[in-house]
Each structure stands twice: as C-alpha cells, then as structure tokens.
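> One-letter residues, chain by chain:
There are 2 protein chains.
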Amino acid sequence: MAGDLDFYFDFSSPYGYFAAMRIDALAAKYRRKVNWTPILLGAVFKVSGSMPLTMIPLKGEYALHDFLRSARFHGIPFRQPATFPIATQSAARAMVWLQQTVGAEPAIAFAKAAYQAYFVDGIDIGDPANLQHLAEKQGLDAAAMLEGLNSAPIKEQLKNNVERALQNKVFGSPYVIVDGEPFWGFDRFDQLESFLMNGSI
Amino acid sequence: MAGDLDFYFDFSSPYGYFAAMRIDALAAKYRRKVNWTPILLGAVFKVSGSMPLTMIPLKGEYALHDFLRSARFHGIPFRQPATFPIATQSAARAMVWLQQTVGAEPAIAFAKAAYQAYFVDGIDIGDPANLQHLAEKQGLDAAAMLEGLNSAPIKEQLKNNVERALQNKVFGSPYVIVDGEPFWGFDRFDQLESFLMNGSI
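Here the protein sequences line up with chains A and B, keeping their order. The working numbering puts the first residue of the first sequence at 1, with every later residue one more than the last. The working numbering puts the first residue of the second sequence at 1, with every later residue one more than the last.
One thing to keep in mind: the hints can contain errors.
It does not matter which identical chain is used: a pair holds within one copy or between any two.
[What the hints assert, rightly or not] No farther apart than 30 Å at their CA atoms in a straight line, the calculated lysine-lysine pairs in the BS3-like style are these:
no.	residue 1	residue 2
1	K155	K46
2	K169	K155
3	K59	K155
4	K137	K155
5	K59	K137
6	K59	K46
7	K169	K46
8	K112	K159
9	K169	K59
10	K59	K33
11	K155	K29
12	K112	K137
13	K112	K59
14	K112	K155
15	K46	K29
16	K46	K137
Hints are computed from structural coordinates only; laboratory data are not their basis. Note that this is a predicted model, so its numbers are computed, not measured.
Can you make the complete structure from the sequences, with help from the hints?
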C-alpha cells in the first residue's frame with residue numbers, strides 16, 4: 001500500500017490536461033509520487049470500441065460545452081483548440097525521450113508546458129516543430145529530443161506504455177491507478193482524494 | 001430564468017438512481033421545482049450510437065466498480081441488480097400514468113420506490129407484476145395503473161418524452177436542463193449546484 005499514482009493520459013485529452021494541472025499537488029498532499037505515463041487513446045479506443053468524445057453525436061456538442069464549463073468551475077485556464085483532437089505520438093514520444101534522457105522532473109515540466117501550449121495558447125503540439133520550440137523554452141536540448149523521439153527504442157517504449165495501460169484495463173484519459181484502485185476521469189478526483197486520505201472508499 | 005429543473009432519467013440507470021435520491025432536496029434548497037421525465041435510454045442510444053455502459057469492453061467492468069464506489073462515496077444504499085440492464089418501458093409508463101392520473105407528487109414517490117426496489121432490493125422492475133406490488137405498497141390503485149400503462153395515450157406520452165429529450169439533445173441518464181444549461185451525469189451535480197447558487201458557472 002501507499003504506492004505511487006500511475007497517471008495515464010493522452011496529450012489531446014482536455015480532462016487529461018485538467019488532471020495534469022492538479023495531480024502533483026494532490027499526490028504531494030498525501031505524500032505520494034506520480035508516475036506520468038503518456039499513452040495514445042487511439043490505440044486504446046481500438047480495444048474499447050470508443051472514439052473521441054467530440055465525434056459522438058449529441059455527446060460531442062455537450063462535451064465541448066463541458067470542457068469550458070469544467071475549466072471555469074475548477075479555475076483552470078482553457079481555450080478549445082481550433083484543431084481538435086490531434087495526433088499525439090510526437091508529444092508522447094518527446095516526453096518518453098525526456099523521461100529516459102533527462103529524468104522525470106523536466107519531463108513532467110515539459111508535459112505541463114505542452115498541455116498548456118495546446119489548451120491555453122492553441123498551439124498545435126502535434127507538430128514536432130512546436131514541440132522543439134517548447135523544449136527550447138524549457139532549456140532542454142531540443143535538437144536531440146527531436147532526433148530521439150523518432151528512434152526505435154522511444155517508439156518501442158511508447159508502445160509498451162500503451163500495452164501496459166491496456167493490461168491494466170485503462171480505457172480513457174485521465175486514468176489513475178493507485179494501490180490497485182482505478183479512477184477514470186478528472187471528475188473522479190474527489191473520490192481519488194478521499195481514497196488517498198482514508199485508504200479506502 | 002429561475003426555471004424548473006427538467007430531470008430526464010431511465011429506470012435502469014444507476015447514476016439516474018443516485019440523481020433521483022438527491023435532486024428534490026437540491027432543487028428545494030434553491031427554491032426550484034423538478035420536472036421528472038422518465039425516458040428510454042435504448043431509444044436515445046439509437047441516435048447517439050451508444051450502448052449500455054456495462055456492455056462496453058473495459059469500461060463495462062470499471063462501471064460496475066464505479067457504481068458501488070460512487071454509492072459508498074455519496075452515502076447512497078446500492079446493490080448491483082442480478083438482472084442488468086432491464087427493459088424499462090413498463091416502469092416509465094407506470095410513472096407517466098401516475099403523473100397524468102394522480103399527480104406529480106405520488107408519481108415521484110412511486111419512481112423513488114421503484115428505483116430503490118431495483119437498486120437496493122434487487123427487485124426486477126421490468127416485470128409489471130412487481131410494479132403492481134410496489135403501487136399497492138404506495139396505496140395506489142395498482143390494477144388501474146397496470147391497465148393504464150398499456151393504453152395508447154400513455155404509450156404516446158412516453159414516446160413524446162423521448163422525442164422531447166432528443167430535441168433537447170439529451171443523450172444519457174441522468175440529464176438535467178435548467179435555464180437552458182445542460183448537466184449530464186450525477187457527477188455534474190456539483191456544477192449543477194454551483195449554477196443554481198450563482199446563476200452561472
């Protein structure tokens with residue numbers, strides 16, 4: 001018990017972005033660590049037979065409204081990006097490369113910056129050139145990152161992330177597993193906090 | 001503004017049951033009325049291309065866990081019924097008949113009793129004989145209700161409920177619309193309360 005929070009997310013997921021803005025503070029409050037694990041929802045949706053929220057009739061329109069309202073409700077800056085959803089292989093691989101090359105902390109800082117670039121500033125983080133620019137702003141070796149994210153070991157690691165997610169029955173973003181207990185969605189962070197506080201619900 | 005809460009729900013929906021246990025008290029706190037509108041999710045899912053949660057790979061298993069945990073978290077008695085989901089035409093028509101024949105208040109009391117019978121006592125409320133027994137316990141004219149729920153005008157009214165729901169872009173249960181603002185899911189009752197308190201989010 002008292003294990004780490006395994007945090008699975010896709011860089012194109014608004015609720016994943018909300019979770020990313022809050023999960024480190026939540027975990028720190030209960031002296032837990034967070035394992036940030038970028039995944040590709042597209043690969044996961046193939047198994048669960050799902051699709052991006054905004055493409056589902058009726059639910060899609062509501063979702064666009066809910067993203068904005070949930071952001072206001074929780075006090076998180078948010079603008080719906082013009083291009084949505086986007087392919088997030090490059091962003092996820094960039095984070096994986098940073099995790100392996102410079103460590104968890106700068107990789108997490110980069111992930112937060114990438115999420116904010118996309119969901120606040122409307123920058124298309126599906127474009128490697130924009131990821132490069134972000135890495136430069138973070139003082140990272142952007143050229144090495146760009147080269148690294150296309151390497152076979154990094155592609156392999158991201159595939160492993162997705163496989164591990166599926167083995168753990170992850171079907172959406174954000175998805176948190178702690179001490180074997182799964183929490184899907186930013187709207188379960190209240191239950192997640194209760195679990196961290198009391199060790200059970 | 002300051003209009004009623006239009007509350008759409010299906011009698012086979014666990015989150016609809018949670019909402020049914022709480023919506024009247026929430027509305028009363030902000031001096032609002034609730035229009036209880038039973039619908040058939042099956043008809044709605046045909047439009048949104050969705051299906052019962054528990055039938056979706058991965059998500060289904062999680063949902064069964066989430067029903068129980070959410071019930072504990074919110075302090076609402078709940079047991080997963082052995083037969084799930086069930087056809088809810090009869091229960092919905094029974095409520096519509098009561099609404100038209102004896103008024104909103106006893107119809108709502110019956111709806112709550114039906115939800116509790118299903119989600120606490122495991123009684124199959126898809127079976128008209130069980131609805132009859134429930135009506136008897138509520139001191140209602142159970143024989144008249146059983147006959148009435150198969151009448152053409154009652155079937156027509158339930159169809160109208162579903163059509164109105166679709167016109168209002170309802171795609172799930174529970175779904176609340178107040179002052180033009182839509183809230184899907186019991187997990188948006190925190191935002192619903194904020195909206196009722198402040199008139200906006």
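> Now, for every hint given, state plainly whether the structure supports it.
Tested hints:
Taking the shortest Cα distances, K155 and K46 sit within 30 Å of each other inside one copy (19 Å), while across copies they are farther apart (39 Å). Only within a single protomer do K169 and K155 lie at most 30 Å apart by alpha-carbon distance; the minimum there is 21 Å, versus 41 Å between protomers. For a Cα distance limit of 30 Å, the shortest separation of K59 from K155 across copies, 27 Å, qualifies, whereas the shortest one inside one copy, 33 Å, does not. Taking CA atoms no more than 30 Å apart as the test, K137 paired with K155 passes inside one copy only; the shortest distance there is 24 Å, against 64 Å between copies.
When the C-alpha separation of K59 and K137 is checked against a cutoff of 30 Å, the pair qualifies neither within a copy, at 37 Å, nor between copies, at 39 Å. Proximity of K59 and K46 under a CA criterion of 30 Å is satisfied in both settings, with 19 Å inside one chain copy and 13 Å between copies. In this assembly of identical chains, K169 and K46 lie within 30 Å of each other by CA distance both inside one copy and across copies; the values are 13 Å within and 27 Å between. Taking CA atoms no more than 30 Å apart as the test, K112 paired with K159 passes inside one copy only; the shortest distance there is 21 Å, against 48 Å between copies.
With identical chains, the CA atoms of K169 and K59 are at most 30 Å apart both within one copy (23 Å) and between copies (8 Å). Proximity of K59 and K33 under a CA criterion of 30 Å is satisfied inter-copy only: 26 Å between copies versus 34 Å inside one chain copy. Taking identical chains as interchangeable, the C-alpha atoms of K155 and K29 are never at most 30 Å apart, the minima being 34 Å within one chain and 54 Å between chains. For a Cα distance limit of 30 Å, the shortest separation of K112 from K137 inside one copy, 13 Å, qualifies, whereas the shortest one across copies, 57 Å, does not.
Taking the shortest Cα distances, K112 and K59 sit within 30 Å of each other both inside one copy (27 Å) and across copies (27 Å). In this assembly of identical chains, K112 and K155 lie within 30 Å of each other by CA distance solely inside one copy; the values are 21 Å within and 53 Å between copies. Taking the closest pair of Cα atoms, K46 and K29 never come within 30 Å of each other, the shortest separation being 36 Å inside a single copy and 44 Å across copies. In this homomeric assembly, K46 and K137 never come within 30 Å of each other (Cα to Cα): the closest approach is 35 Å inside a single copy and 48 Å across copies.
Of the hints listed earlier, those the structure fails to meet are numbers 5, 11, 15 and 16, in rising order.
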